[in-house]
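A.B. asks: Here are the chains, one letter per residue:
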Amino acid sequence: MRLVKRKISGTILLLFLWTLSFANKADQSIVFDSANAAYATGRYDTAIKLYESILEKNVESSELYYNLGNAYYKTNEIGLAILNYERAKKLNPSDEDLITNLKLANQRTEDKIEAAPELFITEWKNGIVNLLNETGWSVLCILLLCFSLILMITYIAAGNKKIKKTGFFGGLVFLLITVIIFFIAQHKYELTKYSADAIILSSSVTATGSPSEKGTKLFILHEGTKVTILQEETEWAEIRIANGNVGWIRSNSLKKI
Amino acid sequence: MLGQKLTLQVSKSKVTVGEPFQITVNLDARGSGLKIANINEFDVYQGPYNSMSTSLINGVLTQSHTLTYIIGAKKEGKVTLGPASMNSNGNTLQSNSVVIEVVKGKSSTTTQGSTAGASQNVTPPSDNIVDNIFVRTSVNKSHVYMGEVIDVTFKVYTRLEMQIRNFSKFPAYDGFFVQDIKDKTNGNQTTETINGVTYMVGEVYKTYAIPQHTGKLTIDPYEVECLVRQKSKRKPRDLYEMMTGGYEDVLYKLKSQPVNIEVKALPEEGKPADFTGAVGNYTYKAALSKEKVKANEALNLTLTISGKGNIKLIEPLKVNFPEDFETYDVKTNENISVTNNGISGSKTFDYLFIPRHEGDYKIDPVNFSYFDPAKREYVTLTSPAYTLHVDRGEEDAATVVGSSSRQSDLRVLGNDIRYIKTESGKLKEKESYFFGSALFYSCLISPILAFMTFILLRKRNLDQNKDAIAVKSRKATKMARKRLSLASQHLKSNNKELFYIEIFRSLYGYLSDKLNIPVSDLNKEFISEKLKNKQVSGNTIGQLMSTLDNCEYARYAPGAVSGDLQNIYNSTVDLITKIEDEVS
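Chains as they are written, first to last, in this note's numbering: chain A, 1 to 257; chain B, 1001 to 1584.
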């Protein structure tokens, strides 16, 4: 009897927490809608404040970053626009609107850096890995596993020899694909989680040869340029730009994607 | 000749830059080749004027030779003028030198305190020339807004009889847009009293200046050359001259003071977005030639701005025609008159456009904003919004014949980022990833578990099925033993003949039941065929056939059949069980 009571109270608590989280989400979707309304009427500063207030709740979505990027773009904050587009791209790499806007924003940056040429295999690999986000790959992996197991079951259960054969080899092939997709998902996950990419937010910053102001001046970067962080020290970060050049800049002049 | 003396005199020893003053070199003999040291430190405005006189008084011959210059200092500081030198009768004479202090500051505008009659007829001493005639630049206001019109008048103040020869230098208006009055009325003469002295004032020139940028702007000095009739300094030549006083015309160069204008920026407060710099007082009118047209017909939108102010600088207004219209360059007509009353008139902008497609179009109102300096506020005037109805136009023959398609290239009007997403999507916690999460692994492992469970279940099921087969065959054996119960009795009584008959009969009865065929229709071939169809193995069928053969044989020749009856009985039971298992 006591056990039943405890169970019921536990369920009620869970239910309560669930409704609470639901209410919280509903609140944020109201904030999101009002931010969109502000954007639609051209009050971009208000829209930015509202979008940022949702992000402060420690939640994120591709659409949220995308809209915030748009608002920053409209207020000519190109660096912040690119940062948010890149963050949106991490969550949804294949959105066409996003790709278009990111391209437009990148056209407005000052630095034109020719990317160092890549092996076509690397390019293919990157292209494939960037087709889906880590959740997408993970779900695909699970679905493929289920499918290959179903094929295996048909192999075991079928009476007809033909179906048995198809089930066996099909099951094997799909199991192999599942393993490959698992590794892709893992790769994408690591890329996303341990991303070392960052966007320059200072309007102009000089990269030096060592982490100090006295270091040899190597090159100048401008707002909106994408860099890769190689290592970090106090207040300084070693970065690599797309053409392969490496230098040190102050950490506060960039923001990680 | 003894007693010859050369003297240098100046009318003023303290002068301002550019202020004209007189120097006189006097020699009491005839001389030539005058040289004055440092004279090139000064601008020589006039001279030298030679004047010579000879007089015989009490038997003494007195000669004098006077040379007069009007000069002005070039720069401030102390300048030593002279000594002058001159040749006379083979001697070179040297004069004294004079120190002239040149100061910066007001020049000719200072008036002397002299109250010696305002009458024109009074001939002042020549030294006072500078005080009696000067030029002034006057403006109607010195603190203005950018774009506000300033009246600039150049006046000559005089107490002498004079004549303006020419305006030697037009002021360069740095930072001003200048509009001259076309038909200037020169004869505008007034009188003005400054510090109690009355002057004749002549307007030389009037212009309108419009400041083009903010800050301190300067109207540069203005120079006038004039001819002043003044009393001759030299001794009268004849009786007439003695009576009238002897006049001569002297050319003077007069220079005005620069005038500073403080230009304020237009107030930012309340500045309309479409303000383009019109300052003054205007009215605004708009007219559309037609409101109902056919496609491909030209139309005119006329905007007229009229009033007073910097109208000349008003740029054509921007009209937002529907994108589909073909528009042409704006035609601007001006009708502006510059008179003593100011700059006024009208400016007309003609917008020619052609709607190419039928439909209802809206032409947005065109705003015209200007700053009214008198009220110190912006005024925005608006044209009405027009609705234009365009009917289907008559296709001209060329289009119809030339091409049947009316397609034209897509016009790209601009480039902008894509619009925001209106669905917020699924908000997830930051830094939370599906891959590697417990959910992910459980999703990955659960199908495998399900698979293994399936295999296990299937195996158990198979085992159970196997048991079912065993049960079935046990049943079949039981049934076979029952059917063969008579045969077993015969076996016990060792009645060979009856035993075989019974075996044979039992098998036939069993097969007849199993295959659902009457006993009368049964024969060996038929049985074998039927059993084959029922998937009974050939081995079993062969065994069955040989058993049946044995039984038939034993029925007709019991003695010839050898073998243990017990064995035959067992194998028959086995056979029935087998058939029972295999028949499907």
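Heads up, a few of these hints could be off.
[What the hints assert, rightly or not] SDA-like mimics (lysine to any residue), calculated; alpha carbons at most 25 Å apart, straight line:
id: 1; chain 1: B; residue 1: LYS1421; chain 2: A; residue 2: ILE99
id: 2; chain 1: B; residue 1: LYS1430; chain 2: A; residue 2: THR192
id: 3; chain 1: A; residue 1: LYS161; chain 2: B; residue 2: LYS1459
id: 4; chain 1: A; residue 1: LYS103; chain 2: B; residue 2: GLY1414
id: 5; chain 1: B; residue 1: LYS1426; chain 2: A; residue 2: ILE184
id: 6; chain 1: A; residue 1: LYS125; chain 2: B; residue 2: LYS1459
id: 7; chain 1: A; residue 1: LYS256; chain 2: B; residue 2: GLY1414
id: 8; chain 1: B; residue 1: LYS1426; chain 2: A; residue 2: HIS187
id: 9; chain 1: A; residue 1: LYS161; chain 2: B; residue 2: LEU1457
id: 10; chain 1: B; residue 1: LYS1428; chain 2: A; residue 2: GLY244
Source of the hints: derived by calculation from the structure; they are not laboratory data.
A.B. asks: Hint by hint, which ones does the structure fall short of?
C.D. replies: When the structure is compared with the hints, numbers 6, 7, 10 turn out to be violated.
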